[in-house]
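Visitor: So the chains spell out like this:
2 protein chains.
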Amino acid sequence: MTISMYEASVPVFSARLKALANVLDIAEQNAADRKIDPQVYLTARLAPDMFALTRQVQIATDHAKGAPSRLARREVPKYEDNEASFADLQARLAKTLDLLATFSAAEFDGSDDRMVELRLAGREVSMPGMQYLLHAAMPNFYFHLTTAYDILRHNGVPLGKSIFLGLR
Amino acid sequence: MTISMYEASVPVFSARLKALANVLDIAEQNAADRKIDPQVYLTARLAPDMFALTRQVQIATDHAKGAPSRLARREVPKYEDNEASFADLQARLAKTLDLLATFSAAEFDGSDDRMVELRLAGREVSMPGMQYLLHAAMPNFYFHLTTAYDILRHNGVPLGKSIFLGLR
Chain A
6 MTISMYEASV PVFSARLKAL ANVLDIAEQN AADRKIDPQV YLTARLAPDM FALTRQVQIA
66 TDHAKGAPSR LARREVPKYE DNEASFADLQ ARLAKTLDLL ATFSAAEFDG SDDRMVELRL
126 AGREVSMPGM QYLLHAAMPN FYFHLTTAYD ILRHNGVPLG KSIFLGLR
Chain B
6 MTISMYEASV PVFSARLKAL ANVLDIAEQN AADRKIDPQV YLTARLAPDM FALTRQVQIA
66 TDHAKGAPSR LARREVPKYE DNEASFADLQ ARLAKTLDLL ATFSAAEFDG SDDRMVELRL
126 AGREVSMPGM QYLLHAAMPN FYFHLTTAYD ILRHNGVPLG KSIFLGLR
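As they're listed, the protein sequences go chains A and B.
FYI, the numbering for the first sequence is 6 to 173, going by my numbering.
FYI, the numbering for the second sequence is 6 to 173, going by my numbering.
What the hints contain is simulated information worked out from the structure, not anything from laboratory work.
Every value quoted in this text rests on a predicted model; they were computed, and no experiment measured them.
Watch out, some of these pointers could steer you wrong.
The list makes no distinction among identical chains, and a pair is therefore deemed to hold if it is satisfied within one copy or across any two copies.
In silico lysine-lysine, DSS-like type, Cα no more than 30 angstroms apart, as pairs [unchecked claim]:
(1) LYS100 to LYS166
(2) LYS83 to LYS40
(3) LYS83 to LYS100
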């Protein structure tokens, strides 16, 4: 009758990141097909004061590594944020997927009402794990995941909803 | 130690739709300030073969009314999909928020492994409620919610992540 904190986080992040890896593969191939420098896509943004594609992917993975780590009371792994190519972004996704595979459901026991401390929108905040997952980590994660996709769609990369969802 | 299917759905949809109402309010005001016909924003899209703003909002609300209704074994309310103004979209959001307020947690008992039938990406599919919520309804909902925001950001509407998250 309920969802475990593990089920609501780890498999969700994993499935979405696998789909994102496919999205980025299609984008890289499309750049090659169109003879477009991959940097054009990697540095593309939807508005001058929004993050470019590379940063969107970095932040999406930050939430995917940060949320389960915080909920399971592990230290959040630090990444260098120095990705400069599609291959680098794929390596970051693979590293995050490898991390997600190391979590066990038992590590999330009690995480729904355990307090989590973090910086959110520039402020130090503290909230119960369930609120953190459902109302901070997930909305943020999906925001950057979708915006990465939207940047590529806006640049003419042939994608579709079923690819975003990981259905193909 | 776990999340109820109610907590993982109804309050999440409600909080995100309230933030979306604020996003649309800011967009409408911005159009007035810039003397831009509101239809410019309502019909804006990020790619020729992506949906325009109005349709993005419609689909986001479709998931917000559809997922809880299906999980609670209620009939999914039908909307006419004839919104033509910011006021119409606000009315649709308000109607959906009113619907969400009628759900009780008890209606979601057993919904995690009860099968849900629906059309997804053009196919009739059936899946357990938990999989439906976490891997179909939520990714779809966040996709359209974020894309609505991205369309407006791309058009210069002054928004920020904290507005998307409903923090202000």
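Visitor: None of the hints should be skipped; say for each whether it holds.
Guide: Quick rundown of the hints versus the structure:
In this assembly of identical chains, the alpha carbons of LYS100 and LYS166 lie at most 30 angstroms apart whether taken from the same copy (25 angstroms) or from different copies (26 angstroms). Taking CA atoms no more than 30 angstroms apart as the test, LYS83 paired with LYS40 passes in neither setting, with 35 angstroms inside one copy and 46 angstroms between copies. Proximity of LYS83 to LYS100 under the C-alpha cut-off of 30 angstroms is restricted to the intra-copy arrangement: shortest distance 12 angstroms within a copy versus 44 angstroms between copies.
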